[in-house]
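Top to bottom, those sequences are chains A and B.
The numbers in our numbering rise by one with no breaks, and the one at position 203 of the first sequence is 203.
The numbers in our numbering rise by one with no breaks, and the one at position 197 of the second sequence is 197.
What the hints contain is simulated information worked out from the structure, not anything from laboratory work.
Cβ coordinates follow ideal geometry from the N, Cα and C atoms, glycine included.
You may find that some hints are simply not true.
[To be verified] The following label-pair restraints were derived from C-beta to C-beta distances: (1) Arg-475(B) <-> Asn-33(A): 25 to 35 Å; (2) Lys-166(A) <-> Ala-84(B): 24 to 34 Å; (3) Asp-277(A) <-> Trp-436(B): 54 to 64 Å; (4) Leu-341(B) <-> Arg-158(A): 40 to 50 Å; (5) Gln-153(A) <-> Trp-329(B): 42 to 52 Å; (6) Gln-35(A) <-> Ala-684(B): 36 to 46 Å; (7) Arg-159(B) <-> Gln-35(A): 22 to 32 Å; (8) Trp-329(B) <-> Gly-175(A): 43 to 53 Å; (9) Asn-33(A) <-> Gly-474(B): 47 to 57 Å; (10) Ile-142(B) <-> Gln-153(A): 50 to 60 Å.
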Amino acid sequence: MPTAAPEPADATPAASLVPKLSCKNLWKVYGSNPQHWFRDNAVTTDPVALAQGMRAKGLIPAAVNVSFDVAKGEIFVIMGLSGSGKSTVVRCLSRLVEPTYGEILLDGEDLLRKSARELIEIRRHKIGMVFQNFGLMPHLSVIENIAFPLRLQGLAERERRSRVEKVIALVGLEGREKSYPHQLSGGQQQRVGIARSLATEPELWLLDEPFSALDPMIRRQMQDEFLSIQRKLRKSIVFITHDFLEALRIADRIMLMRDGQIVQIGRPVDLIINPADEYVAEFTRDVPLVRVLKAADVLAEKVPEGSAALPGVDAETTIEDLLPMLAGRHDGLSVTRSGQHIGCVTPTSLIDALARRADLHGAAMRGTKSPAVGDAG
Amino acid sequence: MNGLRHWFSGVHAWAALIALTLALLIFRDALAWSVRYPNEWVVPLTPWLNSGMNWVIDHFGAYFRAFSDTLAVVMRLVRNLINALPWSVVLALVTVAAFALAGWRLALFSFAAVLYMVVIGFWTQAMNSLALVVLSVPIAVIIGFAIGTLGFASERADRAIRPTMDLLQTVPAFAYLLPILLLFGFGPVVGLIASLLYAVPPMVRNTTLGLRSVNAETVEAGRMSGATTAQLFWRVQVPCAKRQILLGINQTTMAAFSMVIIASIIGGTADIGWEVLTAIRRALFGESLLLGLVIALMAMVMDRLTARIAVREITDRQDQSFAQRYRYWIIALILALGLSLLAQVMPFLSDYPREWRYYPAAQLNAAVTYIVAEFSTSIDLIKRVAFFYVMLPVKMGLERTISPFSWGFTFTDTLKVAYAVAIVALTGVAWLRRGWRIATLSAFIGILLFVGITGMPWPTMAGMAVLLAYQVGGRRMALGMAAGMGFLLLTGIWQEAMLSVYLCGIAVLLSFVIGGTLGVLAAEFRPVSAVLRPINDTLQTMPLFVILIPFVMIFKIGEFTALLAIIAYAIVPSIRYTELGIRGVSPEAIEAGRICGCTPWQLLWRVKLPLASPVIMLGLNQTIMYAIVMLVIAALVGTSDLGQMVYIGLGDGDFGVGIIAGVGMAVIAMLADRMMQTISRKQARN
Ligand SMILES: Nc1ncnc2c1ncn2[C@@H]1O[C@H](COP(=O)(O)OP(=O)(O)O)[C@@H](O)[C@H]1O
Ligand SMILES: [Mg+2]
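Using the sequences provided together with the hints, build the complete structure.
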């Protein structure tokens, strides 16, 4: 069912604040005269059946009743296989693609009501976007590419220069300012794309598979740099990827999509421990559990007496690091978060947690090989 | 319905048509109408068109004249300006431009080319031609860019623009000239307007194509950068499409120049095309060779210069000072000013003295005459063989060709029966060995060679064309073909059309066979490719008149000369596309073939050629188009087909005749084009 899994109270770091971006009942339907399907209010009653009906008539519902919020400073990752509608959603958010139905609120204002002129202003100041294949202007040098949005705004040369220098330093492109895109490697080109999208100092940052076209080694490095940039800038981010490991590394929350519909929204660990259905379980199957699960995720149900006195580990410790510590300690370890005791983990509780996962997979796989802990090695 | 379709696409339909053809031929004395389309059945389109044209001239002529008068003023201005430039200044400017764009090699070549024009003594005429190009190219570029942008912006507009451009480019050049002449009056303006009409389509095509193929993400990035529609267009889409657009300018320039030369046929232009044409007409081969070279050199320099602009690398110029960045402009300016001033003191820098002229036309003439006389027996032999054993049988049929005078014996009834038996036997063998398609082809060729293309009954010829179209492209294609055949018949130009098909057919066949072979060789052996490339480049940029010259020189006026000239021009795409297609075969496929133990010969026939065949088919398509274009020009050396009709229409000032024949050629060209494109697409899919 395309409903969000029940979120724990602390699911979003800034859940209490007003969302930066709010997407409500978003639809994008390709084909002839899609508007016609939204005359009566069939949308709210049964979106899945409606989408089915559209498909039967040869239309392509690329986004089906998509709703989510992005908090200020959050990294919200949209995930799904190719063709699942990720790009469509993110293009609707920037109105590169005109949504067929729904609402998109940026700082509480409906983007879909904005005139062309207002939209240009919003794109010039509030939204930045990074593209999978970089989307650089081949006829402009690195510095001209980065300054391009500022140029369009008619910013003075001095202001332009200082801003461009700042982002060039941020993405580490010093020394390549005069090069042209075709003289750069893929990783460097995407740095230009990132710098260009940041030059306007946007609040909402959209990235559509920014690292998918890069080699795995470069990809990891870029992810690290992306995270370090985000620690400095604290943007509100919608990040698209089809790579679950990438999502795990960077996401605050993940939205998994399939055929234009949301399958589940939640923290990475929620998708692994509490998958909404077999599809999600299948999707997360190859995830190395021991690297993802933290001590806090495998607490013992019953807290034994005096566990607070046991040697402590931090709640954020991964199982991978926990395993050697736990070896030979039948009484377990105390788990603490910022100095506070929150429970304990024992070898039994750890095995129980992992076994629950294995059960789920067993169900998903119908008896095919279920991932053992050893897979993670 | 399905059964009917099956029947149509199968052997039965062909067998029926062949049988009907035979029946019509057997009773042709009684059914004379079936071989020669009766005049009474012709719709009298010509007088209607002429009176329509007269009406337009009566009512709107004044406006057209006013327009052309305005244009003439501008044109005189440009012409005077260019003529006022001392030759030394032009020489310097062209050389500096060539150096700036492409380095010292092209600079040297351009220098030599311009100097040749000066020394040969036809400077003014060359500059008059150049003036037309200089004026028509910017106008064509602006109009073409605007229309191309419209086609890019609106799918609906594009659907209207595309066929219009096709028509403008396939209607033979001579057919344009007459209506322009009638509407706009006499003189160089006609050349200008004709060259505009002819030069706009490539610009339109390249603009639309270029804008379409701009990377979608780059455009999105532009929009996300906050570009307005105008900013997006001028700062993202146009710069990204620049290369393709510049390529359009290159093609537009060449088209304009080509048309300027062709248009000089109407005379009164005092340009280089007129001089060449006069020389050809008076059979002054030395002159026509020397002057043709002027045109060829102009074309080559223009082509190389404009092509270089398109492929130039983007370079870093941010660090350079003003003087560095504009150094070539500065050099050019200084040279121009300096030479102009110097010319005041040394007048030979602006007016090349007659005594210094070197014009070896007479010597060349003598040399050519000597060579032709020396080799006259072999030349005659080649001509006779080609004429009696290839061209005449296809045109008139063996029954009218074989005579004691031509083949050395009479085509007796016994021989005729023997011929029939042979064809029947061949067809039977073909059927058993290769299936009914080849058998049908064999039977068709057997009949064709017997009665000739002019002796074939038109009802079954048209029927076969429609059937073929149906098999290639389904009902729509068949309808198009039927409409085209109907046009050729109803307007009474069937006979001439068949003669066009005949001349074109032989030329295309030979071009394809020879060109294909050369293309294979070029793909297999690098040196062959290195030799052929500049020759192809030269032939392709050459204004069409010039190609005629060497052939007329050796073989005199006649259909054979026309054939050779057509082949010389139409062979280029066959060579190019074959080489391209074979080089494009994936290395894995070739390796797979090698592993399977193919000999090089098998590798070529079983792997490379089949895989390259969609591209080769496109080459064949281009060869057909080129042949049709050249067919019209070849009318100058004596043909009797639609091209000749267009030419006669122009000469007589008969608008109706010229335009009907012109449209007839366009119809044939477009039908052939659609058929070949479909075949190529089908092959690519398999
Ligand atoms: N312009 C379009 N016209 C028709 N269908 C489209 C268009 N763009 C995308 N689609 C379809 O919408 C679906 C979702 O595409 P997309 O959002 O690009 O997926 P993703 O980014 O997840 O790979 C796909 O089935 C795709 O074929
Ligand atoms: Mg995508």
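Results for each hint:
For the pair Arg-475(B) and Asn-33(A), the supplied restraint of 25 to 35 Å holds, since their beta-carbon distance comes to about 29 Å. Between Lys-166(A) and Ala-84(B) the beta carbon distance is about 56 Å. The supplied range of 24 to 34 Å is therefore violated. At roughly 59 Å, the beta-carbon separation of Asp-277(A) and Trp-436(B) lies within the given 54 to 64 Å, and the hint holds. Between Leu-341(B) and Arg-158(A) the C-beta distance comes to about 45 Å, which sits within the given range of 40 to 50 Å.
Here the CB-CB span from Gln-153(A) to Trp-329(B) is close to 32 Å, at odds with the stated 42 to 52 Å. For the pair Gln-35(A) and Ala-684(B), the supplied restraint of 36 to 46 Å holds, since their beta-carbon distance comes to about 38 Å. Taking the beta carbon of each, Arg-159(B) and Gln-35(A) are about 25 Å apart, inside 22 to 32 Å as hinted. Separated by about 32 Å at the C-beta atoms, Trp-329(B) and Gly-175(A) break the suggested range of 43 to 53 Å.
Between Asn-33(A) and Gly-474(B) the beta carbon distance is about 29 Å. The supplied range of 47 to 57 Å is therefore violated. For Ile-142(B) and Gln-153(A), the hinted distance range of 50 to 60 Å is not satisfied, since their beta carbons lie about 30 Å from each other.
Comparing the model with each numbered hint stated earlier shows that hints 2, 5, 8, 9 and 10 do not hold.
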